[in-house]
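Based on the sequences and whatever the hints tell you, model everything.
There are 2 protein chains.
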Amino acid sequence: MMKWEENVRKVVPYVAGEQPNRPNMIKLNTNECPYPPAPGVRKAAENMESAALRLYPDSNAQPLVDALAAYYDVKPEQVFVGVGSDDVLSMAFMTFFNSGKPILFPDVTYSFYDVWADLYRIPYRTCALDENWHIHPEDYKQPNGGVIFPNPNAPTGVEESLETVEEILQANPDVVVIVDEAYVDFGGKSALPLLKKYENLLVVQTFSKSRAMAGMRIGFCIGNEKLIHYLNDVKFSFNSYTMNLPSQVMGVEAVKDDTYFKATTAKIIATRERVKKELTSLGFTFPDSKANFIFASHKEVPAEELFRALREADIYVRHWNKPRISNSLRISVGTDEEMDRLIAFLKEYLEKRV
Amino acid sequence: MMKWEENVRKVVPYVAGEQPNRPNMIKLNTNECPYPPAPGVRKAAENMESAALRLYPDSNAQPLVDALAAYYDVKPEQVFVGVGSDDVLSMAFMTFFNSGKPILFPDVTYSFYDVWADLYRIPYRTCALDENWHIHPEDYKQPNGGVIFPNPNAPTGVEESLETVEEILQANPDVVVIVDEAYVDFGGKSALPLLKKYENLLVVQTFSKSRAMAGMRIGFCIGNEKLIHYLNDVKFSFNSYTMNLPSQVMGVEAVKDDTYFKATTAKIIATRERVKKELTSLGFTFPDSKANFIFASHKEVPAEELFRALREADIYVRHWNKPRISNSLRISVGTDEEMDRLIAFLKEYLEKRV
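Residue numbers (full-length UniProt numbering), protein chains in the order written: chain E, 1 to 354; chain V, 1 to 354.
Be careful, since some hints might not be right.
Put simply, identical chains are the same to the list, so a pair is met inside one copy or across any two.
[Claimed, not checked] Distance condition first, Cα-Cα at most 30 Å in a straight line; then the derived DSBU-like pairs of lysine-lysine:
(1) Lys10 x Lys196
(2) Lys262 x Lys3
(3) Lys352 x Lys196
(4) Lys256 x Lys43
(5) Lys10 x Lys101
(6) Lys43 x Lys299
(7) Lys299 x Lys10
(8) Lys141 x Lys299
(9) Lys141 x Lys196
(10) Lys262 x Lys277
(11) Lys10 x Lys141
(12) Lys10 x Lys75
(13) Lys197 x Lys276
Just so you know, the hints here were simulated from the structure itself, not pulled from any lab data.
Right, here's the structure in full:
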């Protein structure tokens, strides 16, 4: 090792869900939307004035901020957008979690929370979900420097009621509470109505799932004007221009087409509910999912075995060798045809195997 | 102030160059390219398969990495891309400057270096440029935790010779040396040929100036494979997907069209050289610029007065109330027509005033 290498930041690189790209493969491993974005998105790309690309983009992404504010019926000053919800969440960690006290989040949850905490040297404590993958609200009544949890949770798909969310907010008036609603559009209840009562609540959402635009990298959060102002101050203090022009103009079109959005999410929900029944009849158990995935274990066959068998059949789902979740598969909800192929394969495999 | 606000990160928000947008205004304040991007960029936007947007983008931006590697005749493993060169630079600070010793950069330079140093708690020391805005190579022979400087420098436009760059590299084998070449394509000499001799050299460039794509947010760096590997490890450890699909496909087209690229930069250089003569005849002095801007002071009229007068005439240039540079204007090189209007205004104003 050369001397200059001694001062390199040493990290454990994140291993993302595989992104294979083969004809006929079925990709149910990263919770993408199986349907394309709204038709207006394509038109916006076609009509984009490429001469405008020579200029820096609006650093505030104002057209997109305005569209989101109108859609969610809040003020533009209550909306902050970023390059994917990962960017928004990371910025929120940096901005709000500086007390020195540990922040709290569930033990089984989105895998980047501890990463950002380590990155910004924020102490944290995880709170174990109960045996049905639910939050114990009592856990969030200890002294802390902030709270974050996804609702519905990932990778379980389990939704907490707004009563639980509010119980946590009531117990934590002195810190920022972030509800990560990446999967809320598949039948979950958003905490947005609670914004009127809790100025320390930040609700984070994304275009990567329900709006079928993972390839665009668009995330956003909505909160009290003060929270958003603080976020903007931090963002502008070290990187003024992050969201490019295509994301701004194409994002607006996705927000505008509410009919398409509702139809797409309804289709995914219908497929999910049907697949739940079929998985049950094949001997799988799973917490009731309100997300665009199902977190399933088979009563007899280990998850890792099924993961490998599916992979050999070119069906990609997600599996983690981690405590508590190593016997589960996270299966994204694809099109009906994709799910039929998944179910047919599992049926045949399990018949031979069990 | 509410209790939760006590733990908010307090920052001094960066004030970017104004981005007004009025008919007939002349915008010479943020060093954008006055010409549109290569024609293929527009076609790429039109032809983009919008259905592909539902998927996460290639996290490595491989198509763009490959195009850049081919263009600069290096291996793909030597190229790292980011969301603007600000993203690349910020990531490089985080990855390479962890010794605890101060990093070194010029006192008059790109205004984000000290910002990122503060952000990542990296100590730093600035080295005064000489009275002609040149680096003293001797300053960079003191113990340090890393070195960064732009070449040509901003906001002066002054280029250091490759001999000076190499002298600094020779004195610093044990730290990473970053040469920020945001403006190198306007007649400067790149340090890329030095990569063969110095594995601790990182060369950073951008699509925002010479490739006319500030609106896309694309930056990149080229270095030894080990350096790039470390950068990727850090990047992937906390944000896997940053560059969106349009940036990847449109960026490739910009790199491919070398004829357009060379013609555009040649036009800007020709305009710059002509404007230098005209500014001189109006009583301005300036260091010889190798960038797409001129850093000019008038012999008799204060920069701030000229800045305000130009602004009232809807001609936007950049001015800072900072030590050493408060009597200079940074004037981006626009089209010939824009520069004619600038010169005509200055001529008339100075005739009346002096």
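Checked hints:
1. Taking the closest pair of Cα atoms, Lys10 and Lys196 come within 30 Å of each other only across two copies (25 Å); inside a single copy the shortest separation is 43 Å, beyond that limit.
2. Taking the shortest Cα distances, Lys262 and Lys3 never come within 30 Å of each other, neither inside one copy (57 Å) nor across copies (39 Å).
3. Taking the shortest Cα distances, Lys352 and Lys196 never come within 30 Å of each other, neither inside one copy (56 Å) nor across copies (59 Å).
4. Proximity of Lys256 to Lys43 under the C-alpha cut-off of 30 Å is found in both arrangements, the shortest distances being 13 Å within a copy and 25 Å between copies.
5. For a Cα distance limit of 30 Å, the shortest separation of Lys10 from Lys101 qualifies both inside one copy, at 25 Å, and across copies, at 17 Å.
6. For a Cα distance limit of 30 Å, the shortest separation of Lys43 from Lys299 qualifies neither inside one copy, at 48 Å, nor across copies, at 53 Å.
7. Taking the shortest Cα distances, Lys299 and Lys10 never come within 30 Å of each other, neither inside one copy (40 Å) nor across copies (52 Å).
8. Neither within a single protomer nor between protomers do Lys141 and Lys299 lie at most 30 Å apart by alpha-carbon distance, with minima of 36 Å and 67 Å respectively.
9. Only within a single protomer do Lys141 and Lys196 lie at most 30 Å apart by alpha-carbon distance; the minimum there is 22 Å, versus 58 Å between protomers.
10. Taking CA atoms no more than 30 Å apart as the test, Lys262 paired with Lys277 passes inside one copy only; the shortest distance there is 23 Å, against 62 Å between copies.
11. Taking the shortest alpha-carbon separations for Lys10 and Lys141, only the inter-copy value of 27 Å comes in at or below 30 Å, while the best intra-copy value is 35 Å.
12. Taking the shortest Cα distances, Lys10 and Lys75 sit within 30 Å of each other only across copies (24 Å), while inside one copy they are farther apart (42 Å).
13. Taking CA atoms no more than 30 Å apart as the test, Lys197 paired with Lys276 passes in neither setting, with 36 Å inside one copy and 60 Å between copies.
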